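Novice: Okay, here's what each chain looks like letter by letter:
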Amino acid sequence: MRINCPHCGVRGAEEFAYHGDATLRRPAADAAPEAWADYVYLRDNPAGRQRELWYHAAGCHAWLVMERDTRTHEIFSVTPARDVALAGGGDVA
Amino acid sequence: MWADRYSIVSVLAQALRGQQGWKPVWREPEPKAEYDVVIVGGGGHGLATAWYLASQHGITNVAVVEKGYLGSGNVGRNTTIVRSNYLLPGNIPFYEHSLKLWEGLEQDINYNAMVSQRGVLNLFHSDGQRDAYARRGNAMRLHGVDAELLDQAAVRRMYPHFDYDNARFPIQGGLLQPRGGTVRHDAVAWGYARAADRRGVDMIQNCEVTGIRVEAGRAVGVETGRGFIRAKKIGLACAGNSSRVAAMAGLRLPIESHVLQAFVSEGIKPLVDGVVTFGAGHFYVSQSDKGGLVFGGDIDGYNSYAQRGNLPVVEDVAEGGMALMPGLGRLRLLRQWGGVMDMSMDGSPIIDRTPVEGLYLNAGWCYGGFKATPASGWCFAHLLARDEPHEVARALRLDRFASGHVIDEKGVGAQPNLH
Ligand SMILES: Cc1cc2nc3c(=O)[nH]c(=O)nc-3n(C[C@H](O)[C@H](O)[C@H](O)COP(=O)(O)OP(=O)(O)OC[C@H]3O[C@@H](n4cnc5c(N)ncnc54)[C@H](O)[C@@H]3O)c2cc1C
Ligand SMILES: [Zn+2]
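Residue numbers (our numbering), protein chains in the order written: chain L, 1 to 93; chain H, 1 to 419.
One chain only, chain H, in its complex shape (with noise of 0.2 Å):
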């Protein structure tokens, strides 16, 4: 086994013998005929469903049913920032679970996912905005969560090259997570899927879910492209898609999947060193250690299944760049690409039962759905092994829209293009 453990020795080891020796990641098993529990979409939440099922409920004869491959999702498509900086009490508990457990992740996986804690730094442009970040700030560290609200002086010293003199959007200050930062995504699936795997979890690949088998009020199995797989227990993490896998079992959602764009430049030298928000308008970037930044900003604007963006959002987003930077207009764009989300009607997330027995739902992670891969797997996990659901999660309920308890984060309503 030791052999099959990442580490120094395993490392040198391999350069010793031409690195002719290292093994595929996972396995790729036939689907059983039954599973305890099945479930779809093999992106980060569903992967780390799979390994927290594993590892701390002991359930290992499960099944993630993906549709294309493992990370091909949002997963794969995201700008990679983890964070804790929420305001509302049904939110902050649980991002800051996960950022918690980022922290421990390579440990746990036995996997380098880059985790990387270089400060989310969100500026703020007028007194308004700044009274709304001491609030925010206030709250974080209210329930333990790291925050610090620095004055302009600060912020020059962190990012000189910031146009500070803006005459429509000067930069006053703002609020500091040093703990948040970024993550390696791409390696968050393939780590999960690995340690998942190694526990003989099934990674089930190029397995669409085409309908979702219902006797007597009761969810039994899935129809899928390799036959039907009969399943105790049945778990949905298929972000972008929930509503129509949902629809499978009749059931409708409070959720419009809409596109998100992102961006990345050519490479150069270090330039942002942490992750920084324009308050001013839609405009967020990092840099990648490839030395590309990393940017994107706000959403397409109506419904979309197309995993591509629209031209008018590419404009908006470069001109949030330029107010904020205005050296990033020499840079030439390198990609730029799109991902189907979950918008959820009050912008914040579901794990939950739904009225199917045997049916649970992880979904409505809107754009913010990476920084809770580890607490969303967690909680999911914990759901699906003892129905109940995780002291952090309790509010992310299905029926909180219906009885008037919505997690409204930015108090905007029921506008999904809006959150």
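For reference, chain L alone in the conformation it holds in the complex (with noise of 0.2 Å):
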């Protein structure tokens, strides 16, 4: 898999580190156990597209948010974090 970075281009998949779903929302900090519960530990999982949290570890240190099928390991977008926050996608990590 190679790795279309806003800032260094195409890379291996190698240099990133995977962080899972990109779309979990922290809980407010009184939040029920539950909704605790539900962001540490339970996820969608999809067979299909995902959006995902990538770090470019072995490059520029940026955060990213990438959208890629599970299936066929196709990747359709790649935005850093930052800018998906920015634009209201609320806390990424």
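No lab work stands behind these hints, which were simulated from the structure alone.
Check the hints yourself; a few may be wrong.
Restraint ranges, calculated between C-beta atoms of paired labels, are given here [what the hints assert, rightly or not]:
(1) L/T79 x H/N112: 37 to 47 Å
(2) H/K32 x L/A28: 46 to 56 Å
(3) H/L334 x L/D83: 27 to 37 Å
(4) L/T72 x H/A33: 30 to 40 Å
(5) L/G12 x H/K23: 51 to 61 Å
Some chain H residues well away from chain L (every beta-carbon gap over 10 Å; in silico) [as the list claims (entries may be wrong)]:
(6) S7
(7) L12
(8) E106
(9) M114
(10) L271
(11) L328
(12) A402
Predicted model only: the values in this text are computed from it and were never measured.
Where is the CB? At the ideal position from N, CA and C, for every residue including glycine.
Dock chain one against chain two, each of which comes alone in its own frame, and use the hints as you go.
Specialist: Put into structure tokens, the structure is as follows:
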């Protein structure tokens, strides 16, 4: 798999660290324990398109939000996580 | 009946008849309208469950519904290692029960599964790692499991060709479980299927479950490519696809699907007698009866439902192998493949009821579920038949994540790509 980092260009996937589902939203600090258990442990785990977090560990050190098909590994978009957050994507980590 | 039983007599009789008299090992029935139990997934765990439902609980109005062919999933893709060298109390009795069932399996199902207790050796490369393995070995012995801590000289006698004085990862010794070993994976699927079929269980192949019908909070049957099948109870054993199938009943699971790869080299003369794991990276190896070295390493590291692996992990596995046994570099790789597994959030499995009445879950086996096959089937059958967990599977609950009773064998927390 090759990932097109918005800062560094197309790089091998081995330069990146994976951090899973980017659509999870951290509950409020005083949310019910169930909400926290959901957030920490439960996943949609879709077969198909997924928005996920990647970290360019051996490159520019940017956090990225990538949309990828988990069945084919086709990548549709790679966006700096900061831009996603600023555009209203919310708490992406 | 005796003619259907595999034995020296049947083998000799067939030899005299030119091998013309063997019968198909299981029937290919049309699905009935209703069963007492429908098991979704014809892998090792689903088939073992069917066998123990029939043989231990007398429940034979059962169907195993499989989307491909029996054994097309991970049961036919794994590296065949069985062991019970666990650390935590929630795990050890369960895996030891499994190893005991392996020891009697071939007689129980009348099938040669090539159970080979050739020993599993985990190497250590530092003082700290020696301490950790001594602790693990002691925990095993406290549970009545066999374990021996070996020093370097003892390991050297067993495997003279390892790189003991490797500059970065010198081999200091190892933790040996002599009763661990390998089992012919396909034969496990075929043997359980044949045994269950002979008790009347229907094997429904090429039949994908596409929906779970829930009426008033109760699961009443499955929608399939071959029509609706009504069931009093439904057991899910869909390793790798558990999240997708559970979602059909509105459930979200503490699971991510990841790919694990395996490799086989060209065949060579006997070189690796047992199973060996490298302790300083992700690499483990054994030798098949055909002579090929069978080895593997870490998961690819990101969610995937593609049954194929990536190249960086191939490189990583090869580097681990070279650090352990440099001679490996002279061998050619014959085959490489991948399987999709349920990585649970604490690295341990789930055998439990679900919030949906009549729906039972067997999932989260990560990359260690082959060794669990007999105990998983045994305990899942117990749960399905009696509606209460089996003694050795009590800790494998679905709600342990919310209640804080995780079984985190590696101590890395909720990161499925680290287990
Ligand atoms: C490369 C590799 C190496 C491994 N090595 C080892 C090892 O050395 N030791 C060890 O203990 N474990 C090992 N494992 C893990 C082990 O293989 C699995 O944990 C175990 O096989 C899972 O249980 P199973 O046999 O029931 O799974 P599977 O054989 O995968 O069975 C699940 C079945 O469910 C079916 N299914 C899925 N969705 C549906 C649906 N909607 N409708 C109908 N059917 C469906 C699938 O087609 C499949 O046949 C390894 C795994 C891999 C991939
Ligand atoms: Zn970058």
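Novice: Enumerate the violated hints, using their earlier numbering and listing them in ascending order.
Specialist: Those not satisfied are hints 1, 3, 12.
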